[in-house]
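A.B. asks: As given, the protein sequences belong to chains A and B, one line each in that order. Numbering of the first sequence is given in the numbering used here, commencing with residue 1 and proceeding in unit increments. Numbering of the second sequence is given in the numbering used here, commencing with residue 1001 and proceeding in unit increments.
Just so you know, the hints here were simulated from the structure itself, not pulled from any lab data. Do not take every clue at face value.
Claimed, not checked - EDC-like mimics (lysine to aspartate or glutamate), calculated; alpha carbons at most 20 Å apart, straight line:
id : chain 1 : residue 1 : chain 2 : residue 2
1  : B       : Lys1051   : A       : Glu61
2  : A       : Lys342    : B       : Glu1312
3  : B       : Lys1208   : A       : Asp74
4  : A       : Lys141    : A       : Glu88
Because the structure is a prediction, the values reported are computed rather than measured.
Number of protein chains: 2
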Amino acid sequence: MFAEIITIGDELLIGQVVDTNSAWMAQQLNKIGIRVKQITSVSDSAAHIYKALSEAKERAEVVFITGGLGPTKDDITKSVLLDFFGGELQINEAALKNVHAIFEKYKRPVLPANHQQAAVPSSCEVILNLQGTAPGMYFFKDNCHYYSMPGVPFEMMAMMENSIIPKLTQTLNLPSVLHETILTAGIGESFLADLIETEEDQLPEHIKLAYLPKLGQVRLRLSAFGFNEQELKAELLIHKNKIVDKIGDYVIALSDINIEEVILNTLLAQNKTLSTAESCTGGYIGHLLTSIAGSSRVYQGGGITYSYELKESVLGVKSDTLSQTGAVSEETVTEMVLGALKAFNSDYAIACSGIAGPDGGTPEKPVGTVWIAVACKNKVVAKKYLFGNKRMQNIERTAVSAFYMLYQLMKDN
Amino acid sequence: MFAEIITIGDELLIGQVVDTNSAWMAQQLNKIGIRVKQITSVSDSAAHIYKALSEAKERAEVVFITGGLGPTKDDITKSVLLDFFGGELQINEAALKNVHAIFEKYKRPVLPANHQQAAVPSSCEVILNLQGTAPGMYFFKDNCHYYSMPGVPFEMMAMMENSIIPKLTQTLNLPSVLHETILTAGIGESFLADLIETEEDQLPEHIKLAYLPKLGQVRLRLSAFGFNEQELKAELLIHKNKIVDKIGDYVIALSDINIEEVILNTLLAQNKTLSTAESCTGGYIGHLLTSIAGSSRVYQGGGITYSYELKESVLGVKSDTLSQTGAVSEETVTEMVLGALKAFNSDYAIACSGIAGPDGGTPEKPVGTVWIAVACKNKVVAKKYLFGNKRMQNIERTAVSAFYMLYQLMKDN
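So here's chain A without its partners, still in its complex pose (with noise of 0.2 Å):
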C-alpha cells in the first residue's frame, strides 16, 4: 500500500521552517506498512494545492495532507479542499464545540475567524483536533483516502496517533508490521555496519534494517512485514538475537527508548537519585531527563552554573581552582560534580563545562573543548573532548557523552 504526503505552505518553501511533520509521519506510517512514495511540498497556491492532490492520488492510495488550515488569508487548505472534492461549507457542530471548548479554557472570546475554523466541505468526514482549533477532514475520491490536517506538529501528531492510524490499521488490508529496537552508544554507524555486515546479509526480503543514528547513539530498528504474526515475531527476535550478540558491548537498551530513559530506569530500580552540575549545557541535560515523565523519582534537580560566581556559590568550587586552571579544566569540573553531590544530596551527579561556541575559544581551548565529570559516593570520573565549532551541536554532544559517561560509572558499580 502506497501513501503520499504533501506539505502545504510558502514557510516550508522560502526554507523558514524544516519540514519535520514529513518524516515523522512516513515513520508512523512505515510501521504499520504504508510505503510513503512521494513528499511534495507546495506554496499556498489554489492552483498548485490542486494540481498536486491531483497528481497524488495516480501514484498513492491514501494522501495525507498537512498546513493551511489556520484561520488567517494566507490559509487557503480548505476552499481547495471544497473545490477539488465538491460539497459545500458548513458548521460542523462537533468541531464549533471544540472551537468554543479550546476558547473558554483560555478565557478567550471566539471570532468569526474562528467560528469558520469549524466550517467544512460537506464532501468529507470531520476529524477532530482535541489540541487546536483546525479540524482534519476526511475524502474519499476516484479510490484514494485523503486525510488534511494542521501543520502544527503536535495537532497533526495528536490526530495520527488517536483517530488516523487506528482508522487506517482498521479500514486497510494492512501486513503486519513488527518491530524491534535496539540502543547503541559509544559506537559510530559504520563501525557496527561492520560488525553486524553476516547479520545484515542474511536478513530475509521482508526484514529491514535502519540504523538511526543521533548523535553518539545508534538505534537499530529491524522491521519485519507479513501476514502470519506468530512466525513473524519468532523470526525477528532470532534476527535481533544474532546482532545483540555481535555488538553486545554497545547495546544499552533492547526496546526503543534513550539513553536517559535508561539511566532514569536503572536508578529508580536501585533507588537512587541523580544531579546535575551544568555550565556549557545550561540546562539542558536537566530538560533532557525532566522531559522524561516521573523523572522526579529519580532526578532530584541541580545548577546551571554558567559564571564563575555560581560555580562557587553554588557548587563551591573553589576560586583558586577557577583562577589557576580556568572554567574549563578537569580540576574544575572534578569540583563541580563533587559539589553537586554534596549541595544537592544525590547518589550521583554530572557535571560540565565547556567552550560551546561560536567563540570564546583559544589556542589550547578551542571551540568543542568539553570537560565531564561523573560521579557517585566513592568514585569520580572525568573526561576531556572535543567537539566541533557549532554550538547546538556541542551542546547536544556534551549532554549525551555524558548520559553515557554516567552509564558506564553505574555499570561498573
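Following the hints, put chain B in place on chain A, whose structure we already have.
C.D. replies: Below, chain B without anything else, positioned relative to chain A:
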C-alpha cells in the same frame, strides 16, 4: 523566477532522515530572488525520478536535484540523468583528478567504484565537488536549468555557495527579494489577523504576508519581490510600519529573533543580569537562554530545583511555605524568584513551578497548572496559568509565558 527542488533517496521516504537540504537551499535561493515553487522527495526508483524531472520543468525554470550520486548500487540518479538528457557516460578528467586527490588525502586506494564516480553524461557540464568524490552536474534542456548535487549536506552546501549561486546571479536576470519580520507575543494568530485586516487587504500583489505562530509568539513576515530594490525597500517599510502602528502593544521585536533574544539584548544594553529558578521546566528556560551565543554576558545561571529539598537548600524557600501551600503556589514561586535574585545575585530573575503531567494532578491543581514569577530588585509579579495535559507542551508554554512576563516587567521599569 521559479525553482524546484527534487531530493532523492529512500531514507527520506521512510522518515529515517529529515530533509534539511531543501530548507537550506530554499533560503539561499530566496536571498537571490529565486522563489521555490515545489519541493519533491522521491525514492531511488528510475521511473519515479524521471517523472519528477519532467514534471519539474513544467513549473520551474531552474531545478535543483540532490542525492543518489553515491558509489553504491542503490544510487541511480546518474543513469536516470543520462537517460533524461541523453549523451553517453565519459570519464571527466577534472573530476577524476579530484577523486584521486581526495583518496590520497585519506591514504586510501581508489577502487573501480570510485573511479566510476568521475564518469558523467557527455550532455552535462561538471561542477567540481571539492568536499567529496561525486561531481555535481549542470544540464540545460527545454529552457530549464538543472543542477544535480550529492545529498551529503556539506558537499551540497559548498557547491551551492562556491559555484551554483554565483553562476545563477551572473547568468540570470533575478529580482530582489526583501523580507521584514515583526515578532509579536501575548496575542493569537486570529486576533492579530483581525487587527490588521485592512492593512493586509491593502498589500500589493508583489508583497506577501505570512503568519508564523509558535507557542504564544506569532512572527509576521512580509516578503517583497521586485527589480528596483530601493523602491521595494521603501514600499515594504511603509507597509511594515502601518502594521506595527495597529498592533504596537504586542510587538516585541522588529527583526527575525526570539523573545529570549529580545530579553538578552535589552538586559545587555542596560548592563543587567538574569538568573532562573526552574521547577517544572527542569532546565528548559536556561537551555533556551544559553542556546544563544553570548548569553553568558547576561545570564548568570540558576537552579533546577525539582525537589522540595533543593527549593529549600538552594533558593531558601521556607519549609512551612511548601508544607502549607505546596510547591505549585503563589507563595512558593514568589519565594523561589526572590531566592534566585539573592542566591544567584542577579538584577532580574524568573521562577516557575507547576504540574507538567501527565500525572500528579489534583482536583484543585490539575495537570497543566503552573505558577510563574518574575522579579527585579524592587518588584515581583506572579501569575497562575492553566495549560493542557501534554508534558512537553506545558514545559514550552511555561518558558514562553515566563519570557513574556519578564519582558513586560522590563518594559515597566
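A.B. asks: Would you mind marking each hint as holding or not holding in the structure?
C.D. replies: Evaluated hints:
1. B:Lys1051 x A:Glu61: holds (18 Å)
2. A:Lys342 x B:Glu1312: holds (15 Å)
3. B:Lys1208 x A:Asp74: holds (9 Å)
4. A:Lys141 x A:Glu88: With a Cα-Cα distance of about 16 Å, the restraint between Lys141 (chain A) and Glu88 (chain A) holds, given a limit of 20 Å.
Checked against the numbered hints given earlier, this structure breaks none of them.
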